[in-house]
Every structure is written in C-alpha cells, then in structure tokens.
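Student: Put together the whole structure using the sequences plus the hints.
Chain by chain, the residues:
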Amino acid sequence: MPARFNVWTTLTDPLIRQNPVTLQILGICSALAVTTSLATALTMSVSLTVVLTLAAGVISLIRRHIPDTIRLIVQIVIVASLVIVIDQVLQAWFAEISKALSVYVGLITTNCLVLGRTEAYARHHAPLPAMLDAFGNGLGYSLVLMVIGGLRELFGKGALFGVQVLPLADQGGWFTPLNLMLLAPSAFFLLGFLVWTVRALLPDQAEAREHTPPLAREPAE
Amino acid sequence: MAGRDWNPLRRVLALPNESRAKTIFMAFLVSGLCAAMVSGATVWLRPIQAANRAAEEQARIAALVAGIPGMGALLEQSGGALSTVVIDLAGGRAAAEVTSATLEDALADPGNWTALETGQDLAGLGQRPDFVQIYLLRDGDRVSLVLLPISGQGYGGRIDAIMALQGDMNTVAGLAVTNHSETPGLGGRIEESAWQASFPGTELRDDGKTLRFRVARGTASTVHEVDGITGATRTGLGVTKMVRFWMGPEGYGPLLDAITRGEF
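Protein sequences appear in the order of chains E and L. First residue of the first sequence: 10, per the working numbering; consecutive thereafter. First residue of the second sequence: -6, per the working numbering; consecutive thereafter.
Don't read these hints as lab results, they were simulated from the structure. Check each hint, because a few of them may be wrong.
What the hints assert, rightly or not - One-sided excerpt, in silico: chain E residues whose CB lies under 8 angstroms from chain L: (1) Leu70; (2) His74; (3) Ile75; (4) Pro76; (5) Asp77; (6) Thr78; (7) Ile93; (8) Val98; (9) Gln100.
Unchecked claim - Here are the simulated lysine to aspartate or glutamate pairs, DMTMM-like style, with alpha carbons at most 25 angstroms apart: (10) Lys234(L) / Asp153(L); (11) Lys108(E) / Glu50(L); (12) Lys234(L) / Asp200(L); (13) Lys15(L) / Glu128(E); (14) Lys108(E) / Glu184(L); (15) Lys108(E) / Glu49(L); (16) Lys15(L) / Asp77(E); (17) Lys108(E) / Asp153(L); (18) Lys108(E) / Glu185(L).
Everything numeric in this text was worked out from a predicted model, so none of it was measured. Every residue gets a Cβ at the ideal spot worked out from N, C-alpha and C, and that includes glycine.
Tutor: What follows is the structure in structure tokens.
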C-alpha cells in the first residue's frame, strides 16, 4: 500500500496527465477501429471500463495467492472470461451495436491497457484502490475515444449520436461530409493531433529526443 | 502460533506461492471459476440472443421481400403475409406429418437428417435436414415467389442465407444473408445490401437446365453470375457451392420441379 492514498488524484490523473492512450499510447488499435460514430465509441468505452474495473478488483482480491510463474496467464484468463461475459451481454441487449463492434469487443482481452493496469497496479494494491485506478484509466481511455469518435462522426456524417447536427449539402444544407473522416487513417491523424496538443500544453509529457542533431558546421573553405 | 489448521482450503492457501501444489491448485481454481462464469452467462443469455436473432431474421425476410419490385402490391393482394410451409426435401412436397410447430422437435431426431456423401456434399454441410420451413407467396393458384433458407460452409464458418426465387423458379429475386462469420471487411461484405443487390435478375440455369449460377471473380459477365468481392474468393466460392447444392437434386431440386409442373 502506498503511504497515502489519494482518491481524487487516482481517479483524475489518468484523464489527461497520465492518460493511457495519449501519454502511454496503449490500446490504440481499438481506439482507432471503433470511433467512426459516438454510439460505438461509447459502447466500447463502457465495455472496456467495466472489464478493466472488474478485472482489477478480482486480480487484486487474489493478488497474494497468484503464483509468480503463472501470473500472466491467470490474469489473461480472468480478463478473457470477463470479456466473453460482456460480449454475451452486448449480444443479448445491444444486438445492433454488438454487430457494429464486431470483433473489437473480443479484442479487449488483448488490449495492452487492461493487462498493463492489472500487471502494474492491481497486483500490488488492495481491491478498492485497484478498482479506482482501473476505473480512472477506463475513463481516460473513454475520454479519448469520445473526443475522436465525436470529431469523426461530426465531420464525417455531420451528426452526433446519429442526430443530424450540420445540415447536409445533398439535403439542402451547406455541409459536405468528409468521407476521409470515416476511414481508418483519419483516426491516426486525429490521435496524432490530440497527442501533439496535449504535449504542447503539458510539456513535461514530451519524450526526450532519441538523437541529438549534429552541430551545424561552417562549410569548409 | 495457532495449532495445525485442519481446513484444507486454508492449508493450501497458506503454502508458499512458489510451491508446485499451490501453482497447480490456483490454476485449476481460476480456470474452474472462470469456466463457471462464462458458461453461466452463456446459458442464461442464450434465450434472449436467440429471440434477437429470430427477430433479425424476420426483419431480413421482410426487407428482402420489400426490395423485390412489384412484391409490395402482390403482398397486399394476398393479405400482406407470406404463407409458411414445411416441406419434405426428398419428395419435393409439403410434409405430411411435420408442421412449423413440430419442426424443431422433428429435427432434434437424427433420423430426420440425411448424411451426404463427399461427391454430393457441395456446400460442406455433412448432413442436411429432411424437412425445411420455406415461405411462399401465391398469386391466384400459382406460386409467384418462394423464399428458401440455404446454408453452407464459407471461409470463416457457416453462412446462412435466404434465397428468393421468382415464379419461374429460375430467376433469383433476391438474397439475404442471415448469419455468417466471414472476415469483417472482406468476406463479411456479403451481408452488405450493395453486394446482395447484384442477385435480383440472375438466372440459375441455362436452357439445358444445367445449374450455371456462380459468384464471378471480379465483375459479373453473364446472366448467371453475380459480382465477386475482392479479397474474398473463398467466401464467393462458398456461396456458389451453397446455391448450387441447395438448388440441385439433393436440395430443393425436387420441390422446384414440382412447382414448375404446377403440382404444388
């Protein structure tokens, strides 16, 4: 246990300062794939947050009894089972959205964000702080997904949550949808811009340069 | 120190984490609990999922029928509903003893399935049911549209679809894919209406009554072909074989002949 456990910072740090996606660049595969509309992004965010929080809680509960030799496989089995349960729940009550998410719910299992948090935090902390930390990280992931999903749906379809916000040109309005926004590359661009913005505002997040450029020499006479 | 603990669970848990017994115990404990959780959720949620799928299939049949030109008017004439018939595949006529209500029980009996030999088994099914529920639309006393459920092996798994044939039993009126597990974005595009739109008007047989239908590689060039999907050759092949199997003698062939002769 840490000397002093601060509920507020554990919960809010992963939102921007320690955001798992923009700072640690974890879990971007699904972040890119499911953000064509806000509804799918929201479902994915909720699913990941639920899985992450429950997995952290379960793993933290049995943390003193996980043999070191099989700890990764124990964690993955727990995460995978939770993911299957969530997937079944989605198929039962949110059949449409479950179709739109296709394989990506199943891929939460291999999302490095989940394993990263359980391995780095839940394995060494009591259930409550572990779940709080996981929930905060889930919220950080959700925040990025919602921002990218919102931008992509707004500029790609002129809508938010399926409700037309910008009048489309082919229906008498002025807005011509940017089809690029619905394709995968746009998610890379947006995520890149987002990381750039965050690091410009919080310079301590910027990584050290890997190389120092050589000093410019005077041209030889 | 407390005396020796006789509770076996506590004794195992008190073992050092690195001991082999505890490692094996934890592995079995975790996998057992997870298996129970997953099976519990699956069993508990299956009825809801099945209801969802049934509703979806009905919606697809409705969309399939609505998408066929001139069908809306015909439907209204016949009271706005398709009639459901359980047919006996081998005989090509309505089943005498099995109805829609008892179909599920009948198919639970392995005696009502016919094993397929390798040469016949184009669709890769292994066996086919003897009774199938189909949907019919009658215009006067002749059949103007049939909806035939078909299924076969695709690339990623089984593909289930419903094929609509016009009254001549040769012209395809439409196809709706109800269930598949093809690769999303490649073979998975068979569920898109853009691809299914190339089916209406396609003819199954040539003048010599030979089945010519196929999914083309690339763009369709004859009246017997539909457009292929780039990157999904195996899926296209699966659809070709599935249609040929079900429209052939082992599938709905006898039924289609009976309808053409006006005996149905």
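Student: Now, for every hint given, state plainly whether the structure supports it.
Tutor: Here is how each hint holds up against the structure:
1. Against a cut-off of 8 angstroms between C-beta atoms, the interface hint on Leu70(E) is violated, since the closest Cβ of chain L lies about 11 angstroms away.
2. Interface restraint check: His74(E) against chain L, minimum CB-CB distance 6 angstroms, threshold 8 angstroms, status holds.
3. With 8 angstroms as the threshold, the beta carbon of Ile75(E) comes within range of chain L, its nearest partner Cβ sitting at about 7 angstroms, so the hint holds.
4. Below 8 angstroms, beta-carbon pairs count as interface contacts, and Pro76(E) has one with chain L at about 4 angstroms; its hint therefore holds.
5. Taking 8 angstroms as the C-beta contact cut-off toward chain L, the hint placing Asp77(E) at the interface holds, the least distance being around 6 angstroms.
6. Because the closest C-beta pair between Thr78(E) and chain L is about 6 angstroms apart, less than 8 angstroms, the hint holds.
7. Interface hint status for Ile93(E): upheld, as the beta-carbon distance to the closest one in chain L is roughly 5 angstroms, under 8 angstroms.
8. Interface restraint check: Val98(E) against chain L, minimum CB-CB distance 7 angstroms, threshold 8 angstroms, status holds.
9. Using the Cβ-Cβ criterion of 8 angstroms, the hint placing Gln100(E) at the interface with chain L is satisfied: the shortest such distance is roughly 5 angstroms.
10. Of the pairs offered as hints, the one joining Lys234(L) and Asp153(L) holds, with about 13 angstroms between alpha carbons and a cut-off of 25 angstroms not exceeded.
11. Taken as a hint, the Lys108(E) and Glu50(L) pair is honoured in the structure, with Cα atoms around 14 angstroms apart against an allowance of 25 angstroms.
12. Between Lys234(L) and Asp200(L) the CA atoms are separated by roughly 20 angstroms; this keeps the pair inside 25 angstroms, and the hint holds.
13. For a cut-off of 25 angstroms, the pair hint linking Lys15(L) to Glu128(E) stands: about 20 angstroms separates their Cα positions.
14. Our distance criterion of 25 angstroms between C-alpha atoms is met by Lys108(E) and Glu184(L), whose separation comes to about 11 angstroms.
15. For the hint linking Lys108(E) to Glu49(L), the alpha-carbon distance of about 12 angstroms falls within 25 angstroms, and the restraint holds.
16. Simply put, Lys15(L) and Asp77(E) have alpha-carbon atoms about 11 angstroms apart, close enough for the 25 angstroms limit, and the pair holds.
17. The straight-line distance between the Cα atoms of Lys108(E) and Asp153(L) is roughly 16 angstroms, inside the 25 angstroms bound, and the hint therefore holds.
18. Our distance criterion of 25 angstroms between C-alpha atoms is met by Lys108(E) and Glu185(L), whose separation comes to about 13 angstroms.
Hint compliance for this structure: hint 1 alone is broken.
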